[in-house]
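Undergrad: Using the sequences plus the hints, can you model the full thing?
These protein sequence lines are chains V and H, in that order.
Take 20 as the starting number for the first sequence in my numbering and just add one per residue.
Take 939 as the starting number for the second sequence in my numbering and just add one per residue.
Don't read these hints as lab results, they were simulated from the structure.
There is no bait here: all hints are sound.
Calculated lysine-lysine pairs in the DSSO-like style (CA-CA distance at most 27 Å, straight line):
id, chain 1, residue 1, chain 2, residue 2
1, V, Lys-64, H, Lys-1047
2, V, Lys-178, H, Lys-1047
3, H, Lys-987, V, Lys-58
Far from chain H, by Cβ distances over 10 Å, these chain V residues were calculated:
id, residue
4, Asn-67
5, Asp-83
6, Pro-101
7, Asp-109
8, Val-135
9, Asp-166
10, Lys-198
11, Lys-211
Quantities reported herein were computed from a predicted structural model and do not represent experimental measurements.
Note that beta-carbon positions come from the ideal geometry of N, C-alpha and C, so glycine has one too.
Chain by chain, the residues run as shown.
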Amino acid sequence: MALDKNSNGYTFGFAIVMVIVVGAVLSIAAIQLKPFQDKNISQEKMQNILYSISVECSRDEAPDLFEKYVTEQVVINSKGEPIEGVKAFDVDVQKQYKELKAKAISPEAVEYPLFVCNKDGETIYVVPMVGTGLWGPVWGFISLKSDLNTIFGATFDHKTETPGLGAEIKENSFGNQFKDDVVYTDGKVTIKVIKGGGGADDPSGVDGITGGTITSVGVEEMIQRTFEVYKPYFETIK
Amino acid sequence: MAEVATVEKEPLFSKKNRQLLKDPLDDQNPITVQVLGICSALAITTQVKNAVVMTLSVMFVMMAGNVIISILRNRIPDRIRIIVQLVVVAALVILVDQVLKAFVYDVSKQLSVFVGLIITNCIIMGRLEAFALANKPWPSLLDGFGNAIGYGWVLVIVAVVRELFGSGKLFGIELLGNATAKTGLYSIGYMNNNMIILPPMALILVGIIIWIQRARNTQLIESH
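TA: Printed below as a string of structure tokens:
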């Protein structure tokens, strides 16, 4: 072999060529596959929104059903005033939450989407939300009945909560507890996640997750903070 | 170069090459004999579908990695060979991860970090270092395939037991009836064993497989 494969020059050369080739291959793959991945993610988002209004469907059916049920999309700002020219579905609440926490955007710049759905003649409002669990982000969709106070349905998800503990927020058994609870009492956000639930005399209490206290607290904070923002807007459309 | 003069061309599936496929299934099984790749075997074997996708992913990475390293084996500088192996494996794994995200999104969500962790799966680096660096591409391909199957059969068996007894399903099909609606076996008081879903149970199952294997194949029992 003409080249000494253990010389410094050859080693550097080999490393450089390798990195360039690998980088190029991976970039091409990432760009080519991006449309498919984005489609999956947006379909999953539609699926979650539909799930919160009790429409269960596969990911492939989601776009059609989304079209069918969602009649209006609204985006409001942090003061509860509607913003023109932004599509609610395109607002990435998780990304904005992350940027907000990293202080990359001001609290006033955060956009709050709202999906108005029509299911069997009833108007249902779906509110997306995002917060912080124990290990990472938690998020969810809560839908309100036409009185803009009673919860129609709720679905939550998480990135890295502990399986069997905090991760249980993803289960229907947790989300279903929210059904028919009220968010606002006397103009204040009263919905809360507490041990044992609220009982019959407290329509705002939801049972937390045993062994998942920090996740439960995170979910509560997320819900209360989000509904606080939507309150002024809800007053105006009531 | 050592292997310049192979006068007679070796048949594709010579005895030696068949051995490459057969060894990892039993005598040199990566999981039960070499006890490598245990971490992923514990984590993703709650469902058969996940185990199968994981096996296929590992198979792709191992075969492609082995072939690439084998082709480059006379050009890789010795001092950075581990890094080169790592880069090749990492690139292949990222590729697999991206493809899964694009085409089998649900499975990719369930496998979550474990696809990425294929990079650190000791079986793969082990085969690259021990085999592909010293052998031609074709035997390396067979070696990769053999080891992936050796890894996969253990994974699938563990997953079948865990999914069947832990959730009463196989490939997501409810074989024993519906647990919440209490149909089928559940109507007469049968219950899923939730412990089987937990990672320690996978370790116990792998242990049982090792036990059975060594009982049948006494060569594997260490003398000391």
